[in-house]
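A.B. asks: Both chains are sitting in their own frames, so use the hints and assemble them into the complex.
Keeping their order, the protein sequence lines are chains A and B. Start counting at 1 in the first sequence, then tack on 2, and there's your number in my numbering. Start counting at 1 in the second sequence, then tack on 127, and there's your number in my numbering.
No lab work stands behind these hints, which were simulated from the structure alone. Nothing here was measured: the structure is a model prediction, and the numbers come from that model. Backbone N, C-alpha and C fix where the C-beta goes; we use that ideal spot for every residue, glycine too. Some hints here could point you the wrong way.
[What the hints assert, rightly or not] Estimated spans, in silico, between C-beta atoms of each pair:
#, chain 1, residue 1, chain 2, residue 2, range
1, A, Ala-147, B, Pro-292, 33 to 41 Å
2, B, Arg-189, A, Arg-125, 22 to 30 Å
3, A, Arg-102, B, Trp-330, 20 to 28 Å
4, A, Ser-164, B, Pro-292, 44 to 52 Å
5, B, Ile-151, A, Ser-56, 46 to 54 Å
6, A, Gly-14, B, Arg-168, 17 to 25 Å
7, A, Arg-102, B, Pro-292, 54 to 62 Å
8, A, Ala-159, B, Ser-140, 52 to 60 Å
[Stated by the list, open to error] Examples of chain B residues lying across from chain A (beta carbon under 7 Å, computed):
#, residue
9, Glu-165
10, Asp-197
11, Pro-209
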Amino acid sequence: MLEAKDLECERGGRKLFGGLSLALGPGALLRVAGANGSGKTSLLRILCGLLAPSAGEVRWKGERIASLREEFSRELVYLGHAAAVKDDLTPAENLDIACRLAGLAVERQAVEKALENFSVPARPVRKLSQGQRRRAALARLSLSAAVPLWLLDEPLAALDASAAAQVEALVREHVTRGGAVAYTTHQATGLDGAARVIEL
Amino acid sequence: MRRELLLALRRPSDVATALLFFVIVASLFPLGIGAEPERLRSIAPGVIWVAALLSAMLSLGRLFAADHADGTLEQMLLGAAPLGLIVAAKTAAHWLVSGLPLVLIAPLIAVQYDVAARLYGVLAVSLLLGTPVLSFIGAIGAALTLGLRGGGVLLSLLVLPLYVPVLILGAGAVAMADAGLAAGGQLELLGALLIMAAAFTPWATAAALRISSE
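One chain only, chain B, in its complex shape (with noise of 0.2 Å):
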């Protein structure tokens, strides 16, 4: 995990890319559909949600291509560790640096979409537990379409509808907690979501890469 934290600060320009598609996009919504303070309000937790979403997969296909591409990925399946782990921490680094920015920029965000300061709590907190899971659900599919020509597609293909449930909790979130309802059965269950894809998915992603390094 150190390595891959190391490399990442070796090349903060994929850091930033991700960080700033997932601004633009965000931007783009009141630009498309005119400044209606009122609509915006409503709108923004899903389109907060959705740039995050698609943040999360633009980064998702570098995860392992790059280690395939050089070499490195053999000797991580030839590792002392067990590989669940050793994806388990790559998983790890790689949330640590495309899907925290993203928690911690995006009450900025809510300022321009002018959602009310009582609310930055809780969407701050639900990307903070769902990012994580995007993160980890998206490993798989990233670990399954190595090495496949036109691989980038599949893997929207693959990983996107996976990632409804996240979606449908984070964004349920924080219109709940808008409504002034309670937010925290959404919360813990993308808590639990995150705990079940951090115990599980690092060994499905570590069988796939198995097989696609065959």
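Looking at chain A on its own, in the form it has when it is part of the complex (with noise of 0.2 Å):
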């Protein structure tokens, strides 16, 4: 489904990585790996379509991405190392709009019980922990099973045990019902054993 060949990318006139291909087939799970300040982040990035890489390509079914444009951003879920959530807003209007802004039709039911899975409280996100503002920005997964591509930056920062093992589960689910997953991480994780490792 995604291709990337010969992937090059320089921040702040420094070559971070240079001549990466990679490729993405329904079922895939990918781990980023490398050190802070590889390029991780970058690099999904540059596959998410956010980053114009220096050099190479990213392809989706075929097609450059820069010319799919919105037909891409509908087939992918990108959660960076920002929750994205707003903090004047509470977690479900938050996740409600997020999904709104994805193209995503949600019912106010499932939007909550999403939430409730994740023992997000009720409150405005000012006043929720980091843990539980990351969460709430996961939750977003468990109502993106239709979407295809999934690209997680540091998906499991700041979280506790329980949550970490619930969206180990639900990357696990998507990898199994076909979709992709590409993630990054520098610490080990529950879904090591499984993942192709590209260490930059």
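C.D. replies: What follows is the structure, encoded as structure tokens:
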């Protein structure tokens, strides 16, 4: 589904990686490993089209993602470093807006159920802890089963064991369903056994 | 857009700041140049328009900065709808909370300047047509200066010159009406500016956002 050829990334005049090729088919699980500052996040941002590579190209089902734009965006979930939740809204409002933005039609109940599964309290996000914010953002995954490609940047950072296990379960489920998942991490996770690894 | 309005409702102080700024700037002039009714009446349109301009500038910096900081901007860039549409909705919401209140309070300021009552209509219509243009043009600047150090100053330098035509037409319309001439021409030009700005600037803003979020 997703193919990248000869990717090269330069940030601030420094070459982070070059000549990187990878392919993600249905059911693929890819772990991007590497030290801090090695370009893991940059690679994910290139794969979802937020960042243009300094050389090489990314294709989705044979088409360049730069020419697909929204058609490609609709087929992916990208969860970045920042939780992308608004402090002044409740987690349910945040999740509802995130899904709407992504073009997913979701029911109110589904949103609340997803948040309940991740045990996110229904308080304005401002009053939540870092881990709870993270959970509020990750709850989107349980509503995104129909979206084929998941790109997760440090999905398990700041999570406790039970939430981490839940995310891992969701990812495994998605992969068996035929979806593709790429995630970055520099820690060992419960997913590593099943994953292909790219070391940057 | 519903989201933006919801956010604005949760943060009433932001709206109040822009509005109060407008009122205070407009009230400073009589204090500075003396309370001579004739002179005040003649500078009123210009002062009200310049105050509206500055107040629009004040709220521009926040248009995308918060979304950039908490990562929601990335989600908008990856949204299912074309980015231009999302930007247009955001800008429209920005105008509803920062521009529309100015239009509504402007007649009150006009009273302060002893502007003839027959001019209130022209003043309100010129602001109604002009302030959205300020929001649309400003959005391009806000997107370009996103994440830059000292972006606020740069933003003013970029955007204020582009506001000049709107200022001339807006203040000009009121001055024309005051002189007993028809202000229709100026207002029509403002309307044309608004249509062009609404149609084209969101796409320019979208392109700028893609560049500055890389």
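A.B. asks: For every hint, state whether the structure bears it out.
C.D. replies: Okay, the hints, checked on the actual structure:
no.	hint	result
1	Ala-147(A) x Pro-292(B): 33 to 41 Å	51 Å, violated
2	Arg-189(B) x Arg-125(A): 22 to 30 Å	24 Å, holds
3	Arg-102(A) x Trp-330(B): 20 to 28 Å	22 Å, holds
4	Ser-164(A) x Pro-292(B): 44 to 52 Å	60 Å, violated
5	Ile-151(B) x Ser-56(A): 46 to 54 Å	49 Å, holds
6	Gly-14(A) x Arg-168(B): 17 to 25 Å	57 Å, violated
7	Arg-102(A) x Pro-292(B): 54 to 62 Å	37 Å, violated
8	Ala-159(A) x Ser-140(B): 52 to 60 Å	33 Å, violated
9	Glu-165	48 Å, violated
10	Asp-197	5 Å, holds
11	Pro-209	6 Å, holds
In the structure shown, a violation is registered for the earlier hints numbered 1, 4, 6, 7, 8, 9, in ascending order.
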